[in-house]
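Peer 1: Residue strings, one per chain:
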Amino acid sequence: MEKPSAGLWRKIKSRYNLVGSTCSKCGSNYFPPRIVCRKCGRESKMEDRKFNGNGEVVSFTTIRVPPDTFKDEAPYIVGVVRLEEGPMVEGHIIENSRPIDIGTKVRTTFRKMYVDGEEGLIYYHYKFEPV
Amino acid sequence: MAGIVGYGVHVPFYRIKVEDIAKVWGEDAEAIKTGLNIHEKSVPGRDEDAATIAVEAARRAVHHAGIKSSEVGAVYVGSESHPYAVKPTATVVIESIDASDHVMAADLEFACKAGTAGVQMVMGLVDSGMIKYGMSIGSDTSQGRPGDALEYTASAGGAAFIIGREKKEVIANILKTVSYTSDTPDFWRREGAMFPTHSGRFTGEPGYFKHITAATKLMFETTGFGPADFTYAVFHQPNGKFPVVVAKQLGFSDKQIKPGLLTPIIGNTYSGASMIGLAATLDIARPGDRILLTSFGSGAGSDSFVMEVTDNIEAKRKRAVKVSDIIGSNKVYIDYATYLKDKDFIKGR
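Residue numbers (this note's numbering), protein chains in the order written: chain S, 1 to 131; chain L, 1 to 349.
Check each hint, because a few of them may be wrong.
Per the computed footprint, the stretches of chain L lying under chain S, defined by three or more beta-carbons under 8 Å from a beta-carbon of chain S, are [said to hold, decoys possible]:
no.	stretch
1	91 to 103
2	259 to 267
3	284 to 298
4	324 to 337
None of these hints come from the bench; they were simulated from the model.
Remember, it's a predicted structure, so these values are computed and weren't measured experimentally.
Ideal Cβ positions, reconstructed from N, Cα and C, are used throughout, including at glycine.
Build out the structure end to end from the sequences listed, making use of the hints.
Peer 2: Listed below in structure tokens is the structure:
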């Protein structure tokens with residue numbers, strides 16, 4: 001068992017439900033959430049924003065030499081997805097029967113990302129899936 | 001009166017065919033396909049478990065119901081493959097559907113019928129006025145020992161049902177529910193054991209058939225309904241054969257059970273099995289249709305429900321992700337070696 005649970009707990013909203021932030025002053029959206037808007041600086045008014053999880057693939061690559069954490073998952077695909085609300089989000093892209101390419105429409109789905117050994121926590125996370 | 005206000009289903013897209021399993025063990029695939037009435041089963045991805053399946057089903061149920069998830073007052077998750085021995089699957093669901101923290105929640109286990117037991121629990125809470133909506137989920141990534149007969153059927157999937165009582169929201173009133181329960185050692189898995197053990201043919205007559213029949217006949221007696229009073233019937237489906245046989249014994253036709261009989265193409269999703277069958281039936285049901293559901297969980301018990309579909313079902317249908325769309329497209333077939341790897345059955349790595 002390697003990891004304390006507080007780190008997981010703090011990020012649950014973002015990892016489960018794609019909760020980022022939005023600046024109510026200028027409307028800029030961010031994921032992961034920011035406490036200061038890049039455009040508005042000290043004038044920013046940041047609020048939580050739950051994104052709908054739909055987007056399209058901007059870039060992707062197949063991982064064949066994975067870190068130990070994902071050694072049994074390889075080969076797997078990670079990519080960058082532009083959400084409908086604007087933010088660019090990095091994430092795993094699940095290979096179902098639909099082809100994956102730049103521009104492929106995806107949605108978020110709820111999956112296990114990482115299991116901490118035999119006795120540790122299970123880390124759940126969003127992943128993207130072609131639709 | 002409590003009734004269904006929304007439902008959602010999730011079934012993993014991986015499949016393995018009976019032929020691929022039978023080939024490894026030197027068995028006659030055609031004989032198994034005919035004997036068990038099963039052709040292929042769903043297999044969870046390496047990154048799926050009973051919690052992820054429950055979450056996907058729950059999110060679809062909230063969308064279908066068209067309610068605020070913050071108004072769900074109780075969440076119960078029935079499974080015999082909860083990811084943790086101690087830490088609730090229900091809390092993962094609550095967080096993932098963005099429910100309020102002011103919610104009753106627990107994990108349930110009663111072999112393949114824990115999800116319908118949860119429906120009975122939330123019916124009581126809704127009818128008593130303690131909560132506005134309650135959700136019960138049946139979700140499993142079931143286990144079958146390599147080489148065992150269960151390996152052909154033990155699959156993965158789940159369904160979530162939201163129960164409420166607002167007339168304008170209910171798509172199917174639940175007119176009555178009854179149960180039949182006894183201490184019957186037909187199938188079990190001890191704490192820490194990787195695979196369940198079953199009593200072979202003993203699981204049939206003293207287990208499945210006795211309990212399904214007793215609960216359904218009790219329902220007939222208490223409601224005055226008979227098989228001809230139902231448009232559809234759904235029975236627990238550990239394989240594709242048992243539900244066909246028990247339906248015939250009770251006086252139902254093949255036509256009545258056909259929409260809800262999915263085990264032949266997705267396997268036995270355990271806690272999800274009868275609930276996914278009900279969801280598939282509701283996908284095509286019309287206002288006024290009457291539906292009988294009788295679940296079964298080894299150990300053993302059966303919950304029986306009589307439901308009557310309301311006019312609201314048509315308006316909500318456009319928001320439903322149909323079971324036929326979930327299980328009929330997007331499939332990825334895997335071979336037996338991949339199946340062993342994905343189920344973490346390969347030792348010594």
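Peer 1: Quick check: which numbered hints come out false for this structure?
Peer 2: 2, 3
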